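J.: Protein chains in written order, with my numbering: chain S, 81 to 394; chain D, 436 to 942.
Hints are computed from structural coordinates only; laboratory data are not their basis.
Here the structure is a predicted model, which means the values were calculated and not measured.
Just to be clear, a hint being listed does not mean it is correct.
To give a feel for the contact side, a few chain S residues facing chain D, derived at Cβ under 10 angstroms [what the hints assert, rightly or not]:
1) 266
2) 346
3) 347
4) 383
The calculated label-pair distances, taken between Cβ atoms and stated as ranges, are [stated by the list, open to error]:
5) D:910 <-> S:329: 54 to 60 angstroms
6) S:85 <-> D:541: 54 to 60 angstroms
7) S:247 <-> D:778: 41 to 47 angstroms
8) S:162 <-> D:437: 56 to 62 angstroms
9) D:496 <-> S:247: 43 to 49 angstroms
10) S:329 <-> D:571: 20 to 26 angstroms
11) S:383 <-> D:608: 51 to 57 angstroms
12) D:872 <-> S:162: 54 to 60 angstroms
13) D:635 <-> S:247: 51 to 57 angstroms
14) D:489 <-> S:252: 31 to 37 angstroms
15) S:176 <-> D:571: 27 to 33 angstroms
Even for Gly, the Cβ is constructed at its ideal location relative to N, Cα and C.
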Amino acid sequence: MAEAGTTLYFIVTLFAASIRMAVPLTLAGLGETFSERSGVLNIGLEGIMLSGAFFSFMAAFITQNILIGVICGCLGGLLISMIHAYMSFKCYVNQTIVGIALNFFSLGLTSFLFLAYFGRTTTVPQCPVVKPIKIPLLSDIPIVGDVLFNQDIFVYFTVFACFVSYIILYKTVWGTNIDSIGEHPKAADTVGLNVKRTRYVTAIINGCLGGLGGAYLTLALLGFFMENITSGKGFIALVVVILGRRHPFGVLFAALLVGAAEALQFRLQTLGLGLPSQVFIMLPYVVTVIVLLFSIGKSSDPAALGISYKRSSR
Amino acid sequence: MPDLIMKDIYKGFPGVVANDNVNLTIEKGEIHALLGENGAGKTTLMNILYGIYIKDSGIITWKGKEVSFKSPRDAIESGIGMVHQHFMLVPTLSVAQNITLGLKNKGYPFYNKKKVIKDISELSKKYGLHVDPNELISRLSVGARQRVEILKSLYRNAELLILDEPTAVLTPQETDNFFTILKKLKNEGHSVIIITHRIPEVMKITDKVTILKDGKNVATVNTSETNENELSNYMIGRSLKTFSTREKTNESKEYGLVLENVSFKSRNLKALVDISFQVKKGEIFGIAGVDGNGQKELAEVITGICKLDSGTIILAGKNINKSNFKTRKKAGLAYITDDRQYEGLVLDMDVSENMILKDYDQEPFSKNCIINYKVVREKTEQRIKDYNIKTPGINTPIRLLSGGNQQKAIIARELAAGPSVVLACQPTRGLDIGATEFVRQTLIDKCNENLSILLISADLEEIVSICDRIAVIFEGRIVGIVTNGTDLNLNEIGLMMAGHIGETVNS
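Please put together the full structure from these sequences, using the hints given.
T.: This is the structure:
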């Protein structure tokens with residue numbers, strides 16, 4: 081009996097943790113989905129998340145207010161995204177190169193500012209974290225209630241964001257406009273759609289959601305900040321976008337899959353199987369690569385992905 | 436008071452004056468042709484009207500008011516629609532989504548599918564523009580896409596429609612259908628501007644013609660008061676050259692190029708299916724068909740750029756299935772590509788370097804891996820003279836030459852090695868009339884020298900004017916082969932281009 085109880089507990093916590101691990105990937109992935117569907121490839125997602133994580137932590141640490149932390153996290157992501165947008169749309173620099181540069185820029189900037197503010201400390205500075213919100217009645221359902229309805233506000237928001245994104249992209253004219261700009265910007269231009277403005281809007285969405293994904297790491301999962309805290313989550317989010325075929329729910333499920341692998345590796349580490357911990361840390365990345373292998377040849381990228389639009393001067 | 440007056444429109448691009456004080460007047464309900472050669476400034480003028488380019492100076496009056504459109508949106512809102520030569524449709528979206536793209540209909544931002552489809556169906560019925568609103572653009576034929584483009588403009592209440600080279604990609608039947616639609620538009624009170632360089636069409640369908648040359652007005656005449664010769668004189672300064680069906684001088688029984696059951700898959704799609712034909716020596720064999728039906732793949736399989744999946748290709752009596760591009764060239768194959776800027780030339784290299792692109796590693800151009808520039812210069816100068824290539828010098832980057840002269844350079848290079856088979860893929864596309872005539876004459880001359888010529892062209896007029904036999908390609912299959920002559924049935928070829936299986940006449 082006791083053993084069955086332990087197994088059940090293991091499974092419940094594993095599922096609950098999978099969902100939490102999936103949140104930052106889903107949020108960042110949703111943002112990138114908007115961006116890529118409008119034809120902008122932002123490899124700088126890692127930088128966006130890192131910047132979001134840092135600024136949300138700093139704001140929450142200084143003000144001890146989580147809401148301000150969340151807002152600053154969005155703004156931090158927005159900062160990186162807007163640099164990317166400006167460089168791509170205004171200066172016509174290669175989008176991939178700018179993205180790579182921004183990842184390093186963000187890593188350097190956050191590490192430097194963190195060190196400059198706190199110096200070398202032995203104690204890790206902590207910020208307040210969000211508490212789970214039990215949803216009345218629903219959270220009382222056995223297993224499911226614990227997994228789905230005893231989570232923090234970010235989790236609920238993520239699901240909500242998926243629904244809203246789905247409606248925008250598939251049910252409204254805005255979604256059609258974004259798709260047309262990603263596929264054939266010139267056609268969109270000739271019917272009077274503003275290519276640049278739309279891409280700026282998707283870049284704003286990308287920055288905010290990516291920043292929020294980063295903020296989740298500090299304000300919900302960890303409660304502290306350290307150098308390179310995202311450690312590749314932004315890149316995994318890029319993969320999640322491809323796996324999810326740039327569909328909000330596809331992104332959600334892909335993120336859950338990778339999130340499960342990550343949650344599992346934490347659990348496996350604590351089981352004491354006698355393997356070096358690096359083997360387990362590898363797991364989510366291995367899963368990512370394997371799943372990517374299965375999706376070979378099925379991608380349908382927007383035709384103008386990564387190409388900045390210039391109304392030709394001849 | 437005319438609907439549209441464009442007065443003294445001036446537009447310069449770096450190094451060129453595209454429109455030099457051009458005037459154009461359009462009355463309500465007329466079909467007006469804007470006639471001129473490539474680079475005469477027709478499209479530029481229309482892009483200025485449509486808000487894509489901003490004019491340097493001049494006045495545009497639309498419906499009695501002076502206007503200056505900053506973007507296509509302004510033009511659309513004022514009732515001007517434009518159908519571009521390269522259609523502005525999003526292939527992954529449906530017909531209805533494309534037609535309503537950028538509009539704020541009732542229910543915005545939600546997509547009111549029912550009403551949109553009803554509106555589109557009514558419009559299609561009214562103008563005879565048949566198309567299924569739910570179909571994806573990527574699954575439509577070129578003719579259907581054009582109807583979608585016209586519907587798109589009409590849906591936006593366009594009173595003036597600008598059509599850029601509307602018949603360039605249509606089969607003869609589609610063209611006739613298109614003319615019927617134009618007449619309906621006219622009867623409903625719409626004005627139409629057609630940008631074209633095809634004089635017979637101008638005579639057939641328009642009320643008035645404005646001729647442009649080198650960015651300047653040449654004349655504006657009523658179609659009923661002019662004739663083809665006069666228009667041609669206005670447009671190019673002389674009468675059009677006609678290639679009547681040639682006298683066959685040397686009927687040979689030998690084959691220069693033979694294809695037997697050649698099949699080829701590209702990205703898992705069947706690009707070529709069981710292609711078989713023979714090109715005799717001293718014959719021009721034409722491949723007609725609407726663009727994108729496997730022409731490019733056929734050329735690349737013959738040249739060896741793509742590997743065929745099955746079948747055999749025999750060049751000058753030898754099986755060349757396994758040979759690569761270079762060996763095929765040595766075996767006597769010359770290739771005039773349809774994409775001269777990217778496949779035919781290295782634009783930033785100079786004329787002489789481009790001349791030796793394919794045999795720079797052979798004598799006399801090089802020995803022991805060292806290029807002999809003296810020989811290169813002599814040969815280049817010789818070819819420039821022979822082919823009358825207009826260039827400031829042999830060291831001018833070939834980018835700076837006109838399209839016609841670039842094409843002459845390619846032809847000079849390809850024919851220099853003394854080939855036995857010439858494969859010409861869309862050789863006159865985008866060339867002005869003078870260069871077009873030169874290219875056609877060169878092909879005829881080479882044919883008379885007993886070479887085999889395979890001419891792949893989407894321009895049916897070109898095929899009919901110089902080919903001895905004509906094969907029609909549709910979705911990667913040869914649907915019929917006919918012998919050219921005075922009794923040639925153009926209607927039949929048109930049907931074959933649309934996919935109807937024709938009678939195979941093997942001679």
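J.: Which earlier hints can't be squared with this structure?
T.: The structure breaks hints 2, 3, 5, 8 and 11; every other hint is satisfied.
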